Every structure is written in structure tokens, then in C-alpha cells.
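Q: What follows is each chain in one-letter form.
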Amino acid sequence: MAAGIRLAGMKSFMATETMVQMHEWLAVLTGSMVQAALLVFVWVWAPGLLAYALVGALSYSVFLVGQRVLNEAAYIRVDHKLNELYHASPMSPESYFLGMSTGILLAYLPPVAFLAILLEILHPLGIVAALTLIASLLAVWAFSSALGYGVSTRFRDMKTIWPYSSLLTNLFGIVPPVFYPLFYFESSLRPLALLIPTSSSVALIEKAAGMVSLSPGEVVLGAGSLAAEALLLLAAGIYWARRTAREG
Amino acid sequence: MPYFKQSVSVEALRAENVAKTYHSHGAPVVEALKGVSLKLSRGERIALLGRNGAGKTTFLRISSTLLLPSSGSLEVFGNDVVAHPEKVRPLIAVVPQEGKPFFHLTPRDQVYAYLRARGIDRATAKERAAEALGQMGLDEVADMMTITLSGGQKQRVMVATVIATKAPLLFLDEPTIGMDPFARREVWESMRKLTREGSTILLTTHYLDEAESLSQRLYVIEGGRVLVEGTAASIKQQVGGTLKVSVTDGEKLREQLSTFGEIVSDGGTVNLITGPDRINEIMALAVNAGLAATVGPVTLEEAFLKLVGRSIDEDEG
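Taken in sequence, the protein lines are chains A and B.
Per the working numbering, the first sequence starts with residue 1, numbered consecutively.
Per the working numbering, the second sequence starts with residue 1001, numbered consecutively.
Hints listed in this document are in silico derivations from the structure and should not be mistaken for laboratory results.
Each hint should be verified, as a subset may be incorrect.
To be verified - Cβ-Cβ distance ranges computed for the label pairs, FRET-style: (1) A:Ala236 x B:His1206: 54 to 64 Å; (2) B:Ser1071 x A:Arg243: 16 to 26 Å; (3) A:Asp157 x B:Lys1034: 26 to 36 Å; (4) A:Leu29 x B:Gly1230: 57 to 67 Å; (5) B:Asn1280 x A:Asp79: 31 to 41 Å; (6) B:Gly1198 x A:Tyr75: 33 to 43 Å; (7) A:Leu232 x B:Asp1080: 28 to 38 Å; (8) B:Lys1126 x A:Asp79: 48 to 58 Å.
This structure is a prediction, so every number in the text was calculated from the model and none was measured.
Heads up, the beta-carbon is just placed ideally off N, CA and C, and yes, glycines get one too.
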């Protein structure tokens, strides 16, 4: 599939999306409110866990970027019909999907960078942990964006979409061990948690930063599933973008 | 116009027996198109007319690679729309029905960004954005946030975005909806200019004056089929006359008047569609009955109502 990907127009559409999102700066800020609130609670009740919560907040924030793709893709299609303007043009459908995803990621990077700086101050990462953090977060973004884009194409009404966005965010960002460390999770269910991109990314970053210990098998399971799910969803997202550029 | 290098076809669009049936889950099956055929030559301006749900937008979306037909074939400049949409898309641009620009961009940024996404270089994109916004009368608001503009201005931004592409084939689905009469005329003039420069335009509209003023040919679509095709003049001739006599409070003369042509009532006024040779008799009849009567040409709207009305009656009968 990679050889067949056409990225014509992607850079321009990415810039367009970044510009559009940056004008909604309040949304960028309020997008960090849940993480900020949880961090405050952890700081007050269990300050020793703040570094873990910061790693969780990073993964959650990046997952949320993908859910912005869900809302933006649906809004552009349902309310503005701008998808038709772009699909009936030389810009490829995969450029539309990837341009939107990367554009939104760029707009939402400042709060993510702020959290990363806080983490670095609280718990210096080192090169390996920093690279693990970047790779893991990119994988979470790819997974979440493709999931968000796919879900966005299934609805004809914005009101129907909102609950799904909320459901996905809570399912992937709050319930599994994202804001709390893996060792607090029921041990028999840990392999399951490592199959969830958000919690596996957190576990891998925390392992690389020396915050938790994982067995070699858990590392392989977490890294393997995270990479496989990200690549699979990205490929599926590109396929779906092409498929839905023209309705059947 | 580098696009034309891809094809030497003189036909901008050729559609043969295009049909579309919607099978939505939990909804009744809808036959939106039942075999539409039409041709557009390069440089033509054609309007599709029809009631809501007649199939105009479905046809436009199929032609512009946004929807797959159930059967039939379509070519844009000789390229198969179904098999090779990627060859068609560089040759077209679309104003979607009820489309809206990005609210958090300025009109200038919106047009420029779209042209850049289509692969047009920076300098040309900048120049064309300014030109298109000027043609749409948006100079003064070009650098304001689009969300602050009126509905009509937003619609003009959509049209500006598409005409700035100078694509060889433009699909415009109700492009002037919500615009004031001045703005509509600016759009018409831009379309005429584009076709003079070699572009081809297929539009849908519910404004019959727009269709008549702008289009060289018209297709009236009813119930998923082409009901009638031709120039505005030829379509008007198909309703049994070129003149309309309006007799105020003429109900009491309805039976006598019906012997002169087809009658369309409008409130208390009886409108009679007829030819020029019977005008004197009709006027004499009205004057003798003490009623006021006026004579004027049959409008496209009257012809449309008559033709589509006949078709509905036949289907129901």
C-alpha cells in the first residue's frame, strides 16, 4: 500500500487545518482541562505519583488529538460539505485524511510540549526514554487519528457523533492504566492493558524512564501491539479515506 | 490550461443511461436516477432544472466522482468517471449544495489554501485568489474572518474558491442560493467569463431566471429522468404557445378561454397560454365581459411548471 500512497496537496491541507485549529485557541486550551484537573488531584492526594500522571496526561492528550480528527472530519463533512470540495480535486483522499490529522496534531502540540517539559523537570528522561516517548506518542496519534477518521464517516448528524467521541476517550484514556501506573492494575489483566495503545505507550515510556519494571515479555507485547495497532489502523485509515471519498 | 494535455476530447461530459438507486439501511429503496443521458461540449453552460428530489444533485455528485452510479457510463474529457476518478479530479471543481467555507479562515486564505492543495504554485494561487474574490465583490471583506460574513457572502466565498481553480469543468450545485440579485449577477458574469476562457459549466438552480439568463441549454429532470432538453426558447414552445394572457377575476370565462389554449390559474387570475394569432379574440372576449387582461411572453418558470405538472399528472394518472 505504501508505494501507492499519493500525498499531493497534503502539506497545504495540513497548513490549512493548523490555521483553522489555531483560530480556535480556546478549544486547544480546554482540550487540556481534563488532564490538568487530574494532575491537580494527583498532586494534592499523591504527589509521589505525579510523574506517572504526567506520562498518562501526555498519552491522553495525544489520544485526544485523534478524537479532534473525529470531530473535525465530521464537522467539515456534515456541516460544511467541504470534503466534497477537496475530494473532487487533484488532492488525494489519503492527503485529506493525513493532512487533517497532522494539521490538528501541530495545532495541539503546544500543550503536549508543555506537559513534556513538566515531566522533564520532575523526572529527567534521558535520550532513550525521550525517544521512546516520541515514538510511543506518535503511535498513539496514528491509532487515534485513524480511529477517529473512520468513526467520523459513519454518521450524518453531529449530535450522534458526540457520545462516541466521549466513549472512545474514556475507554482508551481514563479506564485503563494511563493516568495511574501499570502496577496498580490487576496483575492477571496486565497483558490486556498492554494491548491498549494508550496504556502500552505509557508503560513503555515509564519503563524506559526507569519508573516501572516490565518483564521482557511485557515489553515485547506492549511494543509489538502498539506498533502493529498503529500501523494497521493507519493503513486502514488510508484505505477508508480512499473508499469514502466516493460514496457507494 | 495544462489540464487539457490529458485529453483531446471535445466533449466535456458524456453521460449514458446513468442510474442510481439508494439502498439505505432501514429506509425505503429510492430510485434517484432512472437512466439519465446528457452531453456537454467544451465551453458550454448547461443548467439542470427540477423539483427537490428530482435527481439533479445525485447526477452532479456522480459526474464529479463523489458518488458511484448503480449503472450507466460517464466520461469527463474522455476519462471514465467510474473507473478512473483520479484522472477526472484534476479536471473538475465542485461547489457542493449547501457547502460552507472554513469559518475560521479569511476568504483570501480559504481560496488560496484550496488552490495550493490543488497543486497551484504560490504566486498564481495568490493572484487568482485576489482575482476571484474581486469578481465576487468580496474585496472589502477578503481579510475578515469568514464567520463574520453574511450567508450570501459565505456562499460567494465558496463560488470564488471554485472559479479561482479555472478547472476545465465546473459543477455548481445551486451556486447562488442566498445571494442578493446584484451578487447573483456578479456570479453569472464570472461564469460567462470562465466559459469564454474555455471552461465548461454544469449547474443546478431553482432560479429559473438564472437558468434562462446563464445557460445555453437546459435539462429538466423529473422523477430521475430527463423530461425535456433544449434552449429556454425551445422549452417554452413546448407548452402550447409563446404568449400568456392573464385575465383578472376571469374564472367565469374559464370554459370559453380554454378553447384558445392551456389554462393555468393563479388565485383569481386565469392565465392562458396561447399563440399570437388568437390574441385579438381573447382580448375582445375579456373586454366584453368587463374584465382586465394583459399579454406577455410565457416565462421559463411557467413552462417548467406546466411541463413538470403534466408529467406528475401522467404518473399519477
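Q: Now tell me if each hint is right for this structure.
A: Outcome of the hint check:
1. The beta-carbon spacing between Ala236 of chain A and His1206 of chain B, approximately 41 Å, falls outside the hinted interval of 54 to 64 Å.
2. Look at Ser1071 of chain B against Arg243 of chain A: about 20 Å separates their beta carbons, and that is inside 16 to 26 Å.
3. The hint said 26 to 36 Å for the Cβ distance between Asp157 of chain A and Lys1034 of chain B, and at roughly 29 Å that hint holds.
4. Range check, Leu29 of chain A to Gly1230 of chain B: about 59 Å between beta-carbon atoms, so the 57 to 67 Å window is met.
5. Checked against the given bound of 31 to 41 Å, the beta carbons of Asn1280 of chain B and Asp79 of chain A, roughly 58 Å apart, lie outside it.
6. The hint said 33 to 43 Å for the Cβ distance between Gly1198 of chain B and Tyr75 of chain A, and at roughly 36 Å that hint holds.
7. Checked against the given bound of 28 to 38 Å, the beta carbons of Leu232 of chain A and Asp1080 of chain B, roughly 32 Å apart, stay inside it.
8. Roughly 28 Å separates the CB atoms of Lys1126 of chain B and Asp79 of chain A, a value that falls outside the hinted 48 to 58 Å.
In this structure, the hints that do not hold are numbers 1, 5, 8, in rising order.
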